[in-house]
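Each protein sequence line maps, in turn, to chains A and B. By the count of the working numbering, the first sequence reaches residue 223 at its end, each step adding exactly one. By the count of the working numbering, the second sequence reaches residue 223 at its end, each step adding exactly one.
Hints in this document: simulated from the structure, not taken from any laboratory. All values derive from a computational prediction rather than experimental measurement. It is possible that part of the hints are untrue.
Identical copies look the same in the list; a pair holds intra-copy or inter-copy alike.
Said to hold, decoys possible - With a straight-line Cα cutoff of 25 Å, these simulated SDA-like cross-link-like pairs (lysine to any residue) come out:
1. Lys179 x Ala167
2. Lys109 x Ala61
3. Lys210 x Ala165
4. Lys92 x Ile150
5. Lys110 x Gly120
6. Lys179 x Asp221
7. Lys92 x Gly11
8. Lys179 x Ser214
9. Lys210 x Met172
10. Lys96 x Pro131
11. Lys109 x Leu23
12. Lys210 x Asn180
13. Lys179 x Leu220
14. Lys179 x Arg216
15. Lys179 x Ala90
16. Lys210 x Val170
17. Lys179 x Gly11
18. Lys210 x Leu114
19. Lys109 x Asp166
20. Lys179 x Leu218
21. Lys179 x Gly219
22. Lys110 x Leu220
23. Lys109 x Gly120
So you can see what is in the structure, the chains are spelled out below.
There are 2 protein chains.
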Amino acid sequence: MGRIAILGGTGPEGIGLGLRFALAGEEVVVGSRAADRAEAAATDMRAKLAGVGCSTSVTGADNASAIDGADIVAVAFPYSGVGDLLPGLAPKLAGKIVLDVINPLIRVKKVFVLEPVAEGSVAEKIQALLPESFVVGAFKNESAEELVEIGHPAEGDVVVCGDHADAKAVVMELIARVKNYRAVDAGALANARFTEGITAMLLNINRRYKAVTSIRILGLDGH
Amino acid sequence: MGRIAILGGTGPEGIGLGLRFALAGEEVVVGSRAADRAEAAATDMRAKLAGVGCSTSVTGADNASAIDGADIVAVAFPYSGVGDLLPGLAPKLAGKIVLDVINPLIRVKKVFVLEPVAEGSVAEKIQALLPESFVVGAFKNESAEELVEIGHPAEGDVVVCGDHADAKAVVMELIARVKNYRAVDAGALANARFTEGITAMLLNINRRYKAVTSIRILGLDGH
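Could you put together the complete structure from these sequences and hints?
See the structure below:
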């Protein structure tokens, strides 16, 4: 498919996604505010991938440089970084597919809830900040804990939403290449508020059952 | 288990739930604003159940009378009825388990979204209106279309939330008695906002795939 940049890619979710994409044969560029941190993460990832016989290219760069030549740019930093980081990168992200995997999670006492987002969801906020980009929301419900365990197959459905059909199709094709994942098209980008909510719910279920859960959509047989 | 009243039980969701509860051996009382409409629905339900050899008691009554003697009172009317109907019934519902299955769905252009609920979710709003009752949110994601087709087994997980552990345990036991359903405890009642959102998402998926979908929580093996 090509090259995937993962901005804020040194956190567990970014690393987990990068590993899965590399296993699917995609070239990965880890982005970070500091190029040396990105390169350190990429080095660790290459070692982990080599352990399972995968030699796909994984490199590190500062966030802005990581975007160069990328076909898909995933954003995987904490929600607090959205407003800080993206406006400055907007010109470089114009015309690109931006894959948003961010959840606006906060914990109130022992319950995970969503931080209110005026635009309705992180995905819609990012689309508002990047009007020239094609934002697709996906991988909101896939836990970093599971993604990084590359010895275990991924499990569950990846619910995808977006307002740009071509960009969504590219992301769904990418998901289909990640072993064991199925992409489910939930329609418009506004559905991201529901997929972000699912993450909060799953975390509350995880806490109660001491488990790492994911979701599957039943009833789609034949699709 | 006992007797279950379903207020606003003449709509498709109420009828579907009533049929499934009756199949599980629970006595069902269908409630409606008009007793004759409730009795007509109950008559239809008895005929449908007789067709599969089930003779569980299903009767009809006005909403207030339906509450008498019920161990669980489900509320299944449209969201618009919550503020109209429940305050007047609050004294009769005091001390009872109130099973909320309502979603605040609206459709904006072709996309299902949630009507904003100041309390965060319908379940929390109902708890605020009925402070002396034990509100449990469940069956938010089970489509009426699927529930009424009693020839087909139910499919998927029923996510349950509530702030009263004993009431939640009773509802989870009820769910376990409905064939093929599994109850998943999502924790506090505040999680109802997420389960209500899942319904909107599933409806958007249904529209896109021309399907009737439900969800399963993966990763709970052993529970």
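So, going through the hints one by one against the coordinates:
For the identical chains of this complex, Lys179 and Ala167 are intra-copy neighbours only, at 21 Å inside a copy versus 41 Å across copies, given an alpha-carbon limit of 25 Å. Within a single copy, Lys109 and Ala61 get their C-alpha atoms no closer than 38 Å, and across copies no closer than 42 Å, so neither meets the 25 Å cut-off. In the homo-oligomer, the alpha carbons of Lys210 and Ala165 lie at most 25 Å apart only across protomers (18 Å), although the nearest pairing inside one protomer, at 38 Å, exceeds that limit. Taking identical chains as interchangeable, the C-alpha atoms of Lys92 and Ile150 are never at most 25 Å apart, the minima being 32 Å within one chain and 55 Å between chains.
For a Cα distance limit of 25 Å, the shortest separation of Lys110 from Gly120 qualifies both inside one copy, at 24 Å, and across copies, at 17 Å. Taking CA atoms no more than 25 Å apart as the test, Lys179 paired with Asp221 passes in both settings, with 19 Å inside one copy and 21 Å between copies. For a Cα distance limit of 25 Å, the shortest separation of Lys92 from Gly11 inside one copy, 22 Å, qualifies, whereas the shortest one across copies, 53 Å, does not. Taking the shortest alpha-carbon separations for Lys179 and Ser214, both the intra-copy value of 15 Å and the inter-copy value of 23 Å come in at or below 25 Å.
Only between protomers do Lys210 and Met172 lie at most 25 Å apart by alpha-carbon distance; the minimum there is 19 Å, versus 31 Å within a single protomer. In this assembly of identical chains, Lys96 and Pro131 lie within 25 Å of each other by CA distance solely inside one copy; the values are 11 Å within and 51 Å between copies. In this assembly of identical chains, the alpha carbons of Lys109 and Leu23 never lie at most 25 Å apart, being 38 Å within a copy and 40 Å across copies at closest. For the homomeric pair Lys210 and Asn180, the shortest alpha-carbon distances inside one copy (23 Å) and between copies (24 Å) are both at most 25 Å.
Both within a single protomer and between protomers do Lys179 and Leu220 lie at most 25 Å apart by alpha-carbon distance, with minima of 19 Å and 21 Å respectively. When the C-alpha separation of Lys179 and Arg216 is checked against a cutoff of 25 Å, the pair qualifies both within a copy, at 15 Å, and between copies, at 20 Å. Taking identical chains as interchangeable, the C-alpha atoms of Lys179 and Ala90 are never at most 25 Å apart, the minima being 32 Å within one chain and 52 Å between chains. For the homomeric pair Lys210 and Val170, the shortest alpha-carbon distance between copies (22 Å) is at most 25 Å, but the shortest distance inside one copy (35 Å) is not.
For the identical chains of this complex, Lys179 and Gly11 are intra-copy neighbours only, at 22 Å inside a copy versus 43 Å across copies, given an alpha-carbon limit of 25 Å. Only within a single protomer do Lys210 and Leu114 lie at most 25 Å apart by alpha-carbon distance; the minimum there is 21 Å, versus 30 Å between protomers. Taking the closest pair of Cα atoms, Lys109 and Asp166 come within 25 Å of each other only across two copies (21 Å); inside a single copy the shortest separation is 41 Å, beyond that limit. In the homo-oligomer, the alpha carbons of Lys179 and Leu218 lie at most 25 Å apart both inside one protomer (19 Å) and across protomers (16 Å), since each shortest distance falls under that limit.
Proximity of Lys179 to Gly219 under the C-alpha cut-off of 25 Å is found in both arrangements, the shortest distances being 21 Å within a copy and 17 Å between copies. In the homo-oligomer, the alpha carbons of Lys110 and Leu220 lie at most 25 Å apart only across protomers (20 Å), although the nearest pairing inside one protomer, at 35 Å, exceeds that limit. In this homomeric assembly, Lys109 and Gly120 come within 25 Å of each other (Cα to Cα) both inside a single copy, at 23 Å, and across copies, at 16 Å.
In the structure shown, a violation is registered for the earlier hints numbered 2, 4, 11 and 15, in ascending order.
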